[in-house]
Every structure is written in structure tokens, then in C-alpha cells.
Amino acid sequence: MTAHHSSGPALITGARDAELNERLNAELIAFNAAATGSADRDMFSVKVTDEAGELIGGLAAWTWGGLCGIELMWVREDDRKDGWGSRILHAAEAEAQRRGCDRVAVSSFTFQAPDFYQGHGYVETGRTLGFPGGHADVHMFKPLTSELTATDEA
1 MTAHHSSGPA LITGARDAEL NERLNAELIA FNAAATGSAD RDMFSVKVTD EAGELIGGLA
61 AWTWGGLCGI ELMWVREDDR KDGWGSRILH AAEAEAQRRG CDRVAVSSFT FQAPDFYQGH
121 GYVETGRTLG FPGGHADVHM FKPLTSELTA TDEA
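Residue 137 in full-length UniProt numbering is what sits at position 137 of the sequence shown, and the numbering runs on without skipping anything.
There may be inaccurate statements among the hints.
To be verified - Cβ pair distances, simulated, as ranges:
#1 Arg80 x Glu22: 14 to 20 Å
#2 Glu51 x Phe111: 29 to 35 Å
#3 Glu124 x Gln97: 38 to 44 Å
#4 Arg41 x Leu20: 32 to 38 Å
#5 Gly100 x Asp79: 30 to 36 Å
#6 Asp79 x Phe109: 39 to 45 Å
#7 His90 x Ala35: 17 to 23 Å
#8 Phe44 x Glu22: 33 to 39 Å
Calculated directly from the structure, the hints in this document are not laboratory data. Only a predicted model underlies this, so the values are computations on that prediction, with no experimental measurement involved. We put the beta carbon where it would ideally sit given N, CA and C, even for glycine.
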């Protein structure tokens with residue numbers, strides 16, 4: 001840890017600080033709610049287990065102001081051919097709609113699953129370059145209602 005201060009405020013650089021992360025998250029949620037008038041932020045998950053209780057796959061997402069954001073999605077490699085990814089994604093989209101969302105956003109590294117999402121109607125809206133191995137983070141969007149199109153939000 002490195003600390004820089006004199007008699008005033010202290011600037012501290014160090015390892016991940018869980019307490020700081022919690023505080024930053026709370027402060028940003030409050031700021032965002034005040035700026036947008038939308039404070040309905042929530043989270044949900046979709047989980048699939050096998051007969052032995054072992055994880056086949058799952059998804060973690062958040063909802064806020066009619067938008068669902070997929071944070072994490074993973075399916076065990078030997079179960080990917082069985083369509084679990086599609087079933088998990090469809091279940092998440094249905095849950096998002098049940099919670100009042102009309103759109104979904106997700107990002108996936110180029111070495112992960114952008115083709116999977118695009119095959120399910122997601123449209124690329126941008127990329128963040130500079131990831132190891134020459135890869136990029138592909139940002140995608142999908143409307144969940146026929147009244148909204150990807151170009152309306154992009």
C-alpha cells in the first residue's frame with residue numbers, strides 16, 4: 001500500500017478494498033437515481049444444476065429503469081451442446097420482461113460468445129479495444145418489445 005499525504009487529505013493506493021467498493025457502489029447508485037429519476041435497481045440470477053447438484057451454468061443480471069444488464073453468463077463446457085446457454089438466456093430475458101424491462105445489454109470478449117448473443121438477436125453497439133491477445137470487448141443490445149429497435153437506442 002502506498003499513502004501520500006501531508007497535513008490534509010490522504011491519497012492511498014493499494015489492494016482491492018471491499019469496504020471502499022461497497023461505498024463507491026452505494027454513492028454511484030444514489031447519484032444515478034438522482035440524475036435519472038429511476039431508483040428501481042435490482043438484481044437476479046438464473047441457475048441450472050445437474051442431478052448431483054453441480055453447476056451446469058448460470059447468469060447474473062441487474063435491472064434498472066427498464067434496462068436489463070447481463071453481467072455474467074457461463075455454461076459448463078461439456079453441456080454447451082445441449083442448448084443450456086439458449087435456455088438460460090431466454091429465461092433471463094423472460095425474467096427481465098416480468099420485471100418491466102423492454103431492453104437488454106451485454107458485453108462479451110471476442111474470444112467468448114459474441115456470436116452466440118448475435119444469434120439470439122443482439123446487435124453490436126460498440127467495442128472496447130486493447131484486451132490481452134489482441135481481443136476486444138463487444139458491447140451488444142437487444143430490444144425485448146417490437147415497439148423498440150436496436151437503432152432506437154444506439
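Each hint tested on the structure:
At about 34 Å, the CB distance of arginine 80 to glutamate 22 disagrees with the hint of 14 to 20 Å. Remark: the range hint 29 to 35 Å for glutamate 51 to phenylalanine 111 is upheld by a beta-carbon distance near 31 Å. Hint check: glutamate 124 to glutamine 97, Cβ distance near 22 Å, so the stated range 38 to 44 Å is violated. For arginine 41 paired with leucine 20, a C-beta distance near 20 Å fails the hint of 32 to 38 Å.
Remark: the range hint 30 to 36 Å for glycine 100 to aspartate 79 is upheld by a beta-carbon distance near 31 Å. Between aspartate 79 and phenylalanine 109, the C-beta spacing of about 21 Å breaks the proposed range 39 to 45 Å. Separation of histidine 90 from alanine 35 is about 32 Å and departs from the stated range, judged on CB atoms against 17 to 23 Å. In this structure the supplied range 33 to 39 Å is violated for phenylalanine 44 paired with glutamate 22, their Cβ-Cβ distance being about 20 Å.
The earlier numbered hints that this structure contradicts are 1, 3, 4, 6, 7, 8.
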